Every structure is written in structure tokens, then in C-alpha cells.
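Q: First residue of the sequence shown: 0, per numbering that gives the first Met the number 0; consecutive thereafter.
Hints may be right or wrong, so weigh each one.
Unchecked claim - Label pairs and their calculated CB-CB ranges:
1) F52 / R254: 23 to 29 Å
2) A201 / A59: 34 to 40 Å
3) G106 / G224: 20 to 26 Å
Keep in mind that the hints were calculated from the coordinates and are not lab data.
Just so we're clear, the structure is a prediction, and the values are computed from it rather than from any experiment.
For each residue, glycine too, the CB sits at the ideal point set by N, CA and C.
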Amino acid sequence: MAHSYAPTAPRPAAPGEVRAASKVPAVDGWFWLVKILTTGMGETLSDFLAKTFDPALAVAAAGLLLAVTLLVQLRTRRCVPGLYWAVVVMVSVFGTMVADVAHVALGIPYAVSAGSLAVALAALFVLWHLVEGSLAIDRVTGLRRELFYWAAVLLTFALGTALGDLTAATLGLGYLVAGLGFAVLIAIPAVASRARWVGPVAGFWWAYVLTRPLGASFADWLGVGADRGGIGLGTGPVSLALAVLMAVALALSARSHRRAAGLTAH
Numbered sequence: 000m001a002h003s004y005a006p007t008a009p010r011p012a013a014p015g016e017v018r019a020a021s022k023v024p025a026v027d028g029w030f031w032l033v034k035i036l037t038t039g040m041g042e043t044l045s046d047f048l049a050k051t052f053d054p055a056l057a058v059a060a061a062g063l064l065l066a067v068t069l070l071v072q073l074r075t076r077r078c079v080p081g082l083y084w085a086v087v088v089m090v091s092v093f094g095t096m097v098a099d100v101a102h103v104a105l106g107i108p109y110a111v112s113a114g115s116l117a118v119a120l121a122a123l124f125v126l127w128h129l130v131e132g133s134l135a136i137d138r139v140t141g142l143r144r145e146l147f148y149w150a151a152v153l154l155t156f157a158l159g160t161a162l163g164d165l166t167a168a169t170l171g172l173g174y175l176v177a178g179l180g181f182a183v184l185i186a187i188p189a190v191a192s193r194a195r196w197v198g199p200v201a202g203f204w205w206a207y208v209l210t211r212p213l214g215a216s217f218a219d220w221l222g223v224g225a226d227r228g229g230i231g232l233g234t235g236p237v238s239l240a241l242a243v244l245m246a247v248a249l250a251l252s253a254r255s256h257r258r259a260a261g262l263t264a265h
């Protein structure tokens with residue numbers, strides 16, 4: 000993914016000021032690769048859990064695990080990539096379940112839920128900017144900013160789920176075509192940033208929303224059966240494969256960052 004999605008550079012610290020490091024990992028190619036893998040795994044894992052266990056129990060368990068991992072993340076004083084991505088995975092699983100429950104159990108059309116979630120996300124961004132003065136993730140420090148950040152992440156996952164299902168199912172495009180379409184749409188902020196039509200913060204959140212339906216569409220295409228437009232590998236095996244790939248990507252990312260830190264030190 001293009002580096003132009005990275006947040007704006009932080010303002011220089013004032014003399015004598017000590018600034019805490021952001022609790023969000025560095026936004027680079029590894030970040031976007033892991034993000035897409037988590038979105039795909041969240042989609043197929045939520046389907047697998049809901050079909051393997053009682054749906055109400057699965058949603059409750061996912062919500063509890065999300066609460067526990069998020070609490071640990073909030074109490075940690077520094078960025079721990081493994082912990083951060085564990086929270087993202089649980090947000091992905093729980094956000095998918097929330098969007099699916101709204102559609103299946105409550106009968107809310109995906110177009111309505113997508114529109115409502117988009118309005119809610121926009122309202123949250125406005126409030127966040129009014130309170131904190133910036134949406135840049137290099138400034139996610141302190142409890143209040145981090146709560147704003149994770150609320151935005153949860154809404155982006157739920158919105159992305161609704162958008163993915165809207166295009167693949169409601170509009171009848173199928174998972175593969177929907178995934179290809181989102182792959183094109185996610186390139187827009189990279190082009191717009193290079194042309195200086197949008198700022199890097201707006202580009203980051205645009206990409207963050209669209210990585211959800213992008214990863215989920217391809218994961219669904221791999222996991223679901225031919226009757227739903229997929230190739231039928233199974234949601235369980237696909238979830239496991241994506242988890243392994245994510246672990247490998249995190250290990251390679253850590254090694255890359257250690258090498259970069261070593262070169263900088265020398």
C-alpha cells in the first residue's frame with residue numbers, strides 16, 4: 000500500500016516537552032497488509048463461529064473477548080503491535096457479527112445500515128476533531144484519544160461489513176467482483192494524495208474503511224460455497240490460513256523495523 004496513507008508528521012515538541020509515542024503501529028506497507036488479513040479473518044471467523052456455535056453465545060463471547068483485549072490495550076502505556084492487532088481482530092469479528100445481526104435478526108437492509116453507520120462515523124470524526132483538534136493517528140496518546148480511535152475503528156469495521164455485503168449480495172455483484180471493485184476504490188486516496196487533492200489523514204481513514212470490504216470480499220469468495228458465489232474452501236480453513244499469514248507478516252514486520260532501527264542507530 001502507498002505510504003501516502005501515513006498520518007501527517009507530528010508537530011515538533013516544544014522545549015522541555017516530553018511527548019508520548021502513539022499507541023498505533025507505524026503506518027507502512029506491513030501495516031496495510033496485516034490490516035487486510037485481519038479483515039478477511041474477521042469475516043470468515045465470525046461466520047464459522049456463528050454456524051458452529053449458538054449465534055447468541057458466539058456474539059456474547061466475541062464481545063467479551065473484545066472488551067478484555069481492549070482493556071489490556073488501554074492499560075498498556077506503549078504500542079505493542081501484537082496486542083494492537085489482537086484488538087483489531089476482535090473488533091473485526093465483533094463488528095461483523097453486529098452488522099450481520101442487524102441484517103439477519105432485525106431485518107435492516109444493508110443500504111440502511113451502511114448509511115446509518117456512515118453518518119455515525121462522520122459524526123464521531125467531527126466530535127473527535129472538535130475535542131482533540133486532529134484525527135492523525137500519530138497522536139493517539141492518552142485515554143480519551145485512544146477511546147476516540149477505537150470507537151472509530153469499530154464503526155469502520157461495521158461500515159465496511161455493510162458495504163461489502165451490500166455490493167456482493169444486495170447488488171448481486173458477487174464476492175470476487177466486489178473485491179476487485181474495492182481494490183480499485185482503495186487506490187483513489189493514493190492517487191488523490193499524490194495530486195494533493197486530499198490530505199494524508201483523510202486518505203488514511205478512507206483506506207481504513209475500504210480495507211474491510213476488500214479483505215472480507217476475497218475471504219468470503221475463498222470460504223463460502225458455490226451456491227453463494229465462492230469456491231468453497233470453508234470458512235474455518237480460510238480463517239486458519241489467514242491467521243498463519245498474519246502471524247508471519249507480523250514477524251517479518253518486526254524484523255524489518257528492528258533492522259531499520261539498527262541502521263538508524265549506526
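Q: What hints, given by number in increasing order, does this structure fail?
A: Hint check: 1 fails alone, others pass.
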